[in-house]
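2 protein chains.
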Amino acid sequence: MKDKKKGAQTLAFRHAPVILAASSIVGPMEGKGPLGEYFDEVRDDHLWGQKTWEKAESKLLEDAVLKVLQKAEIPKHLVDFLFAGDLLNQITVSNFAAGQLSIPFIGVYGACSTFTESIALGAMAIDGGYAGVVAAATSSHHDAAERQYRYPTEFGVQRLPTAQWTATAAGAALLAGAGDGPRVTYATVGKVVDFGIKDPNNMGAAMAPAAADTMRQHLHDTGRSASYYDLIVTGDLGRVGQPLARDILKGDGIDVSENFADCGILIYSEDQDVHAGGSGCGCSAAVFGGYLMHRLEKGDLKRILLVSTGALHSPTTYLQGESMPAVAHAVAIERQ
Amino acid sequence: MKDKKKGAQTLAFRHAPVILAASSIVGPMEGKGPLGEYFDEVRDDHLWGQKTWEKAESKLLEDAVLKVLQKAEIPKHLVDFLFAGDLLNQITVSNFAAGQLSIPFIGVYGACSTFTESIALGAMAIDGGYAGVVAAATSSHHDAAERQYRYPTEFGVQRLPTAQWTATAAGAALLAGAGDGPRVTYATVGKVVDFGIKDPNNMGAAMAPAAADTMRQHLHDTGRSASYYDLIVTGDLGRVGQPLARDILKGDGIDVSENFADCGILIYSEDQDVHAGGSGCGCSAAVFGGYLMHRLEKGDLKRILLVSTGALHSPTTYLQGESMPAVAHAVAIERQ
Numbered sequence: 001m002k003d004k005k006k007g008a009q010t011l012a013f014r015h016a017p018v019i020l021a022a023s024s025i026v027g028p029m030e031g032k033g034p035l036g037e038y039f040d041e042v043r044d045d046h047l048w049g050q051k052t053w054e055k056a057e058s059k060l061l062e063d064a065v066l067k068v069l070q071k072a073e074i075p076k077h078l079v080d081f082l083f084a085g086d087l088l089n090q091i092t093v094s095n096f097a098a099g100q101l102s103i104p105f106i107g108v109y110g111a112c113s114t115f116t117e118s119i120a121l122g123a124m125a126i127d128g129g130y131a132g133v134v135a136a137a138t139s140s141h142h143d144a145a146e147r148q149y150r151y152p153t154e155f156g157v158q159r160l161p162t163a164q165w166t167a168t169a170a171g172a173a174l175l176a177g178a179g180d181g182p183r184v185t186y187a188t189v190g191k192v193v194d195f196g197i198k199d200p201n202n203m204g205a206a207m208a209p210a211a212a213d214t215m216r217q218h219l220h221d222t223g224r225s226a227s228y229y230d231l232i233v234t235g236d237l238g239r240v241g242q243p244l245a246r247d248i249l250k251g252d253g254i255d256v257s258e259n260f261a262d263c264g265i266l267i268y269s270e271d272q273d274v275h276a277g278g279s280g281c282g283c284s285a286a287v288f289g290g291y292l293m294h295r296l297e298k299g300d301l302k303r304i305l306l307v308s309t310g311a312l313h314s315p316t317t318y319l320q321g322e323s324m325p326a327v328a329h330a331v332a333i334e335r336q
Numbered sequence: 001m002k003d004k005k006k007g008a009q010t011l012a013f014r015h016a017p018v019i020l021a022a023s024s025i026v027g028p029m030e031g032k033g034p035l036g037e038y039f040d041e042v043r044d045d046h047l048w049g050q051k052t053w054e055k056a057e058s059k060l061l062e063d064a065v066l067k068v069l070q071k072a073e074i075p076k077h078l079v080d081f082l083f084a085g086d087l088l089n090q091i092t093v094s095n096f097a098a099g100q101l102s103i104p105f106i107g108v109y110g111a112c113s114t115f116t117e118s119i120a121l122g123a124m125a126i127d128g129g130y131a132g133v134v135a136a137a138t139s140s141h142h143d144a145a146e147r148q149y150r151y152p153t154e155f156g157v158q159r160l161p162t163a164q165w166t167a168t169a170a171g172a173a174l175l176a177g178a179g180d181g182p183r184v185t186y187a188t189v190g191k192v193v194d195f196g197i198k199d200p201n202n203m204g205a206a207m208a209p210a211a212a213d214t215m216r217q218h219l220h221d222t223g224r225s226a227s228y229y230d231l232i233v234t235g236d237l238g239r240v241g242q243p244l245a246r247d248i249l250k251g252d253g254i255d256v257s258e259n260f261a262d263c264g265i266l267i268y269s270e271d272q273d274v275h276a277g278g279s280g281c282g283c284s285a286a287v288f289g290g291y292l293m294h295r296l297e298k299g300d301l302k303r304i305l306l307v308s309t310g311a312l313h314s315p316t317t318y319l320q321g322e323s324m325p326a327v328a329h330a331v332a333i334e335r336q
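Residue numbers (our numbering), protein chains in the order written: chain U, 1 to 336; chain L, 1 to 336.
Simulated from the structure, these hints should not be mistaken for lab results.
Each hint should be verified, as a subset may be incorrect.
As the list claims (entries may be wrong) - Across the chosen pairs, the derived CB separations fall in these ranges: (1) ARG335(L) with GLY223(U): 50 to 56 Å; (2) TYR228(U) with LEU319(L): 25 to 31 Å; (3) GLY321(U) with ASP199(L): 33 to 39 Å; (4) LYS32(U) with TYR228(L): 38 to 44 Å; (5) GLY49(U) with PHE195(L): 54 to 60 Å; (6) PRO161(U) with PHE155(L): 49 to 55 Å; (7) ARG295(U) with VAL157(L): 39 to 45 Å; (8) PHE195(L) with LYS32(U): 56 to 62 Å; (9) LYS250(L) with PRO75(U): 31 to 37 Å.
Keep in mind the model is a prediction, meaning the values are calculated, not measured.
Just so you know, even glycine gets a beta-carbon here, dropped at the ideal spot from N, CA and C.
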């Protein structure tokens, strides 16, 4: 049985699962960003031969899984389960990719928090002894998300300064019970937090309290201080949400002024005209699969807390005048 | 470590988690059906004081969780995790309910297979020692689903004979490591199976191969014969899909002629004008939470295999001419 002192909101892995490899495939704009060189693959356009953006995203997710298998030199039939999700209605991207991959499939949804949700579940399956190897993968596609959540993509509607840019990106992590690589030591499952924010062009503000809540809970449950981590990286609070989360934590006496980064800020440069930064299930997945995993493997990062954050609104509830609940899930990833 | 002979597609629980209680709340039409007397609550209309069908469904899911806590006499703060999902875009119903309940939340999506997916994950969390008590809950709402998947509900568009009727229903199960109640002994996670069926008015045909695939895999992995179970109950293949699944299994030498039922057929009577039967994430959840749990508690059922089945299409992919992938997850529930 797990150490009850740790608190049930945080899963403490006894034999911390190893991340054998991680992958990242991105679109042209993400490739031109500051992390471009770290991604496994940068694609030239938004369709890569597919008929629709939705199919293109599904191929992106499928390819991210195939890429991580190739990198780890693990054949597909050895993967026991695929944990995956995405932003599109009915997580259609993941469903079709899972059909192509033919790996037993657990579909999850946590908006942009889906990547760490998938890793948390995958780590539980490995550590609990229910699986030998699992893949956790998520994706997003700017054009497909834009037309679903906001306006027809071709409108090119003027964006607000607080708006975030859905990344065209996918990432996958391959987890196993043994092998070389950084390990998933803890996972903190978030509560849904709703501060009553109703503007889908300001997701950062809606997600910041959820991110702070999960981070606070994680530190409480593990007995760690924020400075334990070389880097605490939120999913995509962006330039609006990240300072808010920092301030909320400061109010709780938690100082993250030295080691707090955000995937939504890291993925684009300020001159890329993305306003508040990147977002999308693929954002933290690709930033982890490319940049963060590279730094963990190189050894200049040894302990990170990845906190993917999700705004859980839907276009329907937004139009009905409802607020935007949010959630964040945190995974501690550490190497010797 | 798990017994590798069982095959990783099937989770074998060492200390099979107990279902302490299950709940079911349904709409008026489901209340008038043959299982009406078994449900905890039958509601009079489709809004019960809420402003929208979406909010009404969210309340339904929240209330199903509160009801199961009440039945098990477990206070809410003892529930470590809520595993939940629904049919609406961005599983918005579950997100809002999780916000109200303030229980650490894992959002899942498997269309109408979501109930057994949630139970499988919840059982893994309990059996693996990561949680003491978890809730697994799903819901659907006829009017909310109708306008999202098909036509504006008020159209009252003529339905095809192969179409299924989304049930207005929610169900929840409360799982724990110890206590009285039937136990979840195995869970078989399905692969996504796509037979190329493109007609969303014939979900039964799309789901039947996935149901048969998971059932076949479950029997293979556990070494059991179909006759081991007093009842094998699919989620909602309906009157079109169930005979197809039976025939596919017969072709594989698996005889389920004596013990095969379907929640989508059980929930409505033939004269209720639902054509091929019921569907929706809430269908198998409420049929389990009401009728099946009652029979398990009474003891006239001792071993059941619940196989919730999901059609994984989205209205977008349907309009783009894509097929309907499908998945089914099976959980074995047994009592002494």
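Against the structure, the hints come out as follows:
no.	hint	verdict
1	ARG335(L) with GLY223(U): 50 to 56 Å	violated (40 Å)
2	TYR228(U) with LEU319(L): 25 to 31 Å	violated (50 Å)
3	GLY321(U) with ASP199(L): 33 to 39 Å	holds (35 Å)
4	LYS32(U) with TYR228(L): 38 to 44 Å	violated (59 Å)
5	GLY49(U) with PHE195(L): 54 to 60 Å	violated (25 Å)
6	PRO161(U) with PHE155(L): 49 to 55 Å	violated (41 Å)
7	ARG295(U) with VAL157(L): 39 to 45 Å	violated (55 Å)
8	PHE195(L) with LYS32(U): 56 to 62 Å	violated (41 Å)
9	LYS250(L) with PRO75(U): 31 to 37 Å	holds (33 Å)
Checked against the numbered hints given earlier, this structure breaks hints 1, 2, 4, 5, 6, 7 and 8; the rest are met.
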